[in-house]
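Asker: Residue numbers (this note's numbering), protein chains in the order written: chain A, 39 to 113; chain B, 343 to 657.
Read the hints as simulated data drawn from the structure, not as lab findings. Hints may be right or wrong, so weigh each one.
[Said to hold, decoys possible] With a straight-line Cα cutoff of 25 Å, these simulated DSS-like cross-link-like pairs (lysine-lysine) come out:
#1 K377/B to K345/B
#2 K82/A to K537/B
#3 K500/B to K82/A
#4 K601/B to K102/A
#5 K52/A to K67/A
#6 K52/A to K627/B
#7 K50/A to K82/A
#8 K60/A to K537/B
#9 K50/A to K79/A
#10 K627/B to K50/A
#11 K377/B to K601/B
#12 K82/A to K52/A
#13 K73/A to K52/A
#14 K82/A to K40/A
#15 K537/B to K52/A
#16 K60/A to K79/A
#17 K102/A to K345/B
#18 K52/A to K538/B
#19 K631/B to K82/A
#20 K73/A to K627/B
#21 K538/B to K50/A
#22 K79/A to K627/B
#23 K60/A to K73/A
#24 K50/A to K73/A
#25 K98/A to K110/A
#26 K50/A to K377/B
#27 K631/B to K79/A
#28 K110/A to K60/A
#29 K67/A to K40/A
#30 K79/A to K500/B
#31 K60/A to K40/A
#32 K500/B to K345/B
#33 K377/B to K538/B
[To be verified] Some chain B residues flagged as far from chain A (calculated, every beta-carbon gap over 10 Å):
#34 L351
#35 G365
#36 Y387
#37 S406
#38 I436
#39 I477
#40 Y542
For glycine and all other residues, C-beta sits at the position ideal for the given N, C-alpha and C.
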Amino acid sequence: MKIEVLGTGCAKCKTLYENARKAVEMSGKEAEVVKVEEIQKIMKYGVMSTPALVIDGVVKFSGKVVSSEEIKGML
Amino acid sequence: MFKPIADHLVFDLFGLTPGSHLGDALNFFIYDTLKIFFLLTVIIYAVAVIRSWFPPERTKRILSHRREYVGNVMAALLGIVTPFCSCSAVPLFIGFVESGVPLGVTFSFLISSPMVNEVALIMLWGMFGWEIAFIYIGTGLLVAIVAGIVIGRLKMEKYVQDYVWEMQVGNGEITEQSWPERLTYAREYTLGLLKKIWPYVVVGIGIGGFIHGYVPQDFLVRWAGRDNPFAVPVAVALGVPLYANAAGVIPIVQALTAKGMAIGTVLAFMMAVTALSLPEAVILKNVLKNRLLAVFFGTVAVAITMVGYLFNAIL
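Take these sequences, add in the hints, and give me the full structure.
Answerer: Encoded structure:
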């Protein structure tokens with residue numbers, strides 16, 4: 039599984055990245071968590087408000103920070 | 343509702359005498375703080391719930407290929423209800439222009455969204471009354487509409503950074519949220535925003551209270567009164583570098599009004615604080631060439647200055 043955190047480097051994006059990592063740890067699943075900061079890649083997903091979370095190429099949500107508990111439920 | 347609480351705390355519990363300098367200042371401070379935080383919590387929450395229906399992806403679709411005037415008016419109005427954070431200004435701008443939202447319409451949105459925001463509104467309502475808050479919304483929308491039309495007419499598409507036009511933009515899907523999701527979003531948004539602004543609000547009200555109590559009456563009439571023609575442009579120039587502190591600035595400005603600062607000057611100052619900021623300029627530099635960035639700031643600053651003069655003349 040590949041989890042991407044989209045964001046141009048604001049404080050909220052860092053929080054979401056940490057939450058996503060925690061969620062993967064808690065779930066015990068095999069997943070790679072990466073931060074995507076290039077605007078070209080962010081726009082390819084059609085995301086207009088950051089931070090956003092993408093799991094296996096599907097945008098799960100954008101424009102908000104979500105807790106690690108909730109992200110765990112999406113894995 | 344908050345008056346008895348403030349009275350009880352200050353006069354009964356702390357044992358201060360009504361009418362004393364300190365007693366009145368503290369009473370003012372507690373009353374204002376309670377009132378403002380109550381308004382902030384309720385209204386930010388309500389606005390956040392409404393916003394859950396207007397993600398930027400939907401706003402973009404509504405504005406795509408709109409004509410001048412209608413597009414500008416709609417963009418300015420949608421700016422109120424679409425959540426916007428200057429850190430997302432780049433993807434938002436690219437998403438808009440790539441999907442065919444005209445440049446001038448995009449700017450109407452970019453001007454209205456930060457300027458006509460709920461925090462500035464609540465603070466104005468709480469400190470100046472609803473009339474001033476509504477005048478602020480109305481003229482804020484007008485500035486966004488007119489400045490957007492002017493920028494659109496100048497045909498400045500070539501001053502958008504070239505890569506923006508070549509960008510591949512995916513189709514962002516709009517997922518319908520359920521009610522529990524909307525309420526959770528609203529709760530977290532409200533808590534997050536309150537956490538960020540509360541120190542500014544408290545310090546602002548504190549300084550405002552100090553000015554009320556200790557700065558002589560009419561102290562500012564000479565410099566910031568309506569008869570000084572330089573007051574408005576100076577206020578606008580001072581307002582641009584101030585940014586996140588809009589919540590803290592209003593109580594101070596309100597106290598300054600009581601000491602003789604004219605109301606048009608206050609409105610212009612507030613608009614400059616919220617609509618234009620240096621961090622935003624740095625972010626927008628990623629998508630705009632210098633010339634367009636300068637035109638954007640210049641047009642908005644001129645429009646705001648005119649608003650200031652207008653209200654100094656008629657209010």
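Asker: Compare the structure with each hint and give your call.
Answerer: Consistency of the hints with the structure:
1. K377/B to K345/B: holds (9 Å)
2. K82/A to K537/B: violated (33 Å)
3. K500/B to K82/A: holds (23 Å)
4. K601/B to K102/A: violated (42 Å)
5. K52/A to K67/A: holds (21 Å)
6. K52/A to K627/B: This hinted pair holds, its Cα atoms lying about 23 Å apart.
7. K50/A to K82/A: Given that 25 Å is the threshold and the Cα spacing comes to 21 Å, the pair holds.
8. K60/A to K537/B: Roughly 23 Å separates the two Cα atoms, so the pair holds.
9. K50/A to K79/A: holds (18 Å)
10. K627/B to K50/A: holds (21 Å)
11. K377/B to K601/B: holds (22 Å)
12. K82/A to K52/A: holds (21 Å)
13. K73/A to K52/A: holds (9 Å)
14. K82/A to K40/A: With Cα atoms ~16 Å apart, K82/A and K40/A stay inside 25 Å; holds.
15. K537/B to K52/A: holds (18 Å)
16. K60/A to K79/A: Within the cut-off at roughly 24 Å; holds.
17. K102/A to K345/B: violated (37 Å)
18. K52/A to K538/B: Holds. K52/A to K538/B sits at ~17 Å (cutoff 25 Å).
19. K631/B to K82/A: Measuring from Cα to Cα gives roughly 23 Å; hence the hint holds.
20. K73/A to K627/B: Distance of about 23 Å is within 25 Å: holds.
21. K538/B to K50/A: Holds, at roughly 12 Å.
22. K79/A to K627/B: At roughly 19 Å apart (the allowed maximum being 25 Å), K627/B and K79/A satisfy the hint.
23. K60/A to K73/A: Answer holds: K60/A to K73/A is near 14 Å, not above 25 Å.
24. K50/A to K73/A: Roughly 12 Å separates the two Cα atoms, so the pair holds.
25. K98/A to K110/A: Distance of about 12 Å is within 25 Å: holds.
26. K50/A to K377/B: Given pair K50/A, K377/B is violated - Cα atoms ~29 Å apart, limit 25 Å.
27. K631/B to K79/A: holds (22 Å)
28. K110/A to K60/A: holds (9 Å)
29. K67/A to K40/A: This hinted pair holds, its Cα atoms lying about 11 Å apart.
30. K79/A to K500/B: Distance ~23 Å between K79/A and K500/B Cα, so the pair holds.
31. K60/A to K40/A: Holds. K60/A to K40/A sits at ~14 Å (cutoff 25 Å).
32. K500/B to K345/B: Given that 25 Å is the threshold and the Cα spacing comes to 57 Å, the pair is violated.
33. K377/B to K538/B: holds (18 Å)
34. L351: holds (36 Å)
35. G365: holds (41 Å)
36. Y387: holds (15 Å)
37. S406: At roughly 13 Å from the nearest Cβ of chain A, S406/B sits farther out than 10 Å, so the non-interface label holds.
38. I436: I436/B is in fact no farther than 10 Å from some Cβ atom of chain A, at 6 Å.
39. I477: holds (30 Å)
40. Y542: Given that every Cβ of chain A is farther than 10 Å from that of Y542/B, nearest at about 17 Å, it holds.
The structure fails to meet hints 2, 4, 17, 26, 32 and 38 from the earlier list, while all remaining hints are met.
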